[in-house]
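K.L.:
One line per chain: the protein sequences are A and B, in this order.
The first sequence begins at 30 in our numbering and counts up by one.
The second sequence begins at 0 in our numbering and counts up by one.
What the hints contain is simulated information worked out from the structure, not anything from laboratory work.
Keep in mind that a hint or two might mislead.
Unchecked claim - Among chain A residues calculated to face chain B with C-beta under 7 Å, some are:
no., residue
1, G80
2, A83
3, D85
4, F94
5, F135
6, G136
7, Q137
8, G138
Model, not experiment: these values are computed from the prediction.
Glycine included, each C-beta is placed from N, C-alpha and C at the ideal position.
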Amino acid sequence: GAGVSQTPSNKVTEKGKYVELRCDPISGHTALYWYRQSLGQGPEFLIYFQGTGAADDSGLPNDRFFAVRPEGSVSTLKIQRTERGDSAVYLCASSSAAGLGTEAFFGQGTRLTVV
Amino acid sequence: SQQGEEDPQALSIQEGENATMNCSYKTSINNLQWYRQNSGRGLVHLILIRSNEREKHSGRLRVTLDTSKKSSSLLITASRAADTASYFCAKNYGQNFVFGPGTRLSVLP
Numbered sequence: 030g031a032g033v034s035q036t037p038s039n040k041v042t043e044k045g046k047y048v049e050l051r052c053d054p055i056s057g058h059t060a061l062y063w064y065r066q067s068l069g070q071g072p073e074f075l076i077y078f079q080g081t082g083a084a085d086d087s088g089l090p091n092d093r094f095f096a097v098r099p100e101g102s103v104s105t106l107k108i109q110r111t112e113r114g115d116s117a118v119y120l121c122a123s124s125s126a127a128g129l130g131t132e133a134f135f136g137q138g139t140r141l142t143v144v
Numbered sequence: 000s001q002q003g004e005e006d007p008q009a010l011s012i013q014e015g016e017n018a019t020m021n022c023s024y025k026t027s028i029n030n031l032q033w034y035r036q037n038s039g040r041g042l043v044h045l046i047l048i049r050s051n052e053r054e055k056h057s058g059r060l061r062v063t064l065d066t067s068k069k070s071s072s073l074l075i076t077a078s079r080a081a082d083t084a085s086y087f088c089a090k091n092y093g094q095n096f097v098f099g100p101g102t103r104l105s106v107l108p
């Protein structure tokens, strides 16, 4: 596609429910990142994929958060037993290669609200 | 922490003036990228500057990097009301990117 696509754009869920957030990266991009951004803050790193594997998941806040990228393209961020503190904008980015000298392009984000 | 700081936290200028935002970091980087964000949604990529580069331009944007001071600056010349947004620098230390808290720029018509 022309850019990184994230669905849904908005998600309201009840405390304790399970949610899935989807990211379609730019075609051919091997690196995919998930970030979380709270109001008035900068994006906070969650997890990074190189191909199908999670190369760095050090930013996942706890074991309620999990992400997959089974075919090395689309990724799904999964949050179990949601809490009100999980409310934030979840941002996905992709780049053609990891790290050195490659731009990372972001989607429009999914605004998650836990009530 | 690798995060460093961005300053100022908020900047308000008149249309036509120049805006300068700064970003500092604490350990050596591979590259640094500047982004713009409107209304708390998607980040728009502006400029990437590599650790061996000192200055890059894109239209009205100029980014400098001083590795000895571990700092970068984003200059927006001849600002417009449409430049009103939050601006972030993202430091690349290896694989992921570390963002600072950003600078909120308001350009008044």
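K.L.:
Which of the listed hints are broken here?
P.N.:
1, 2, 4
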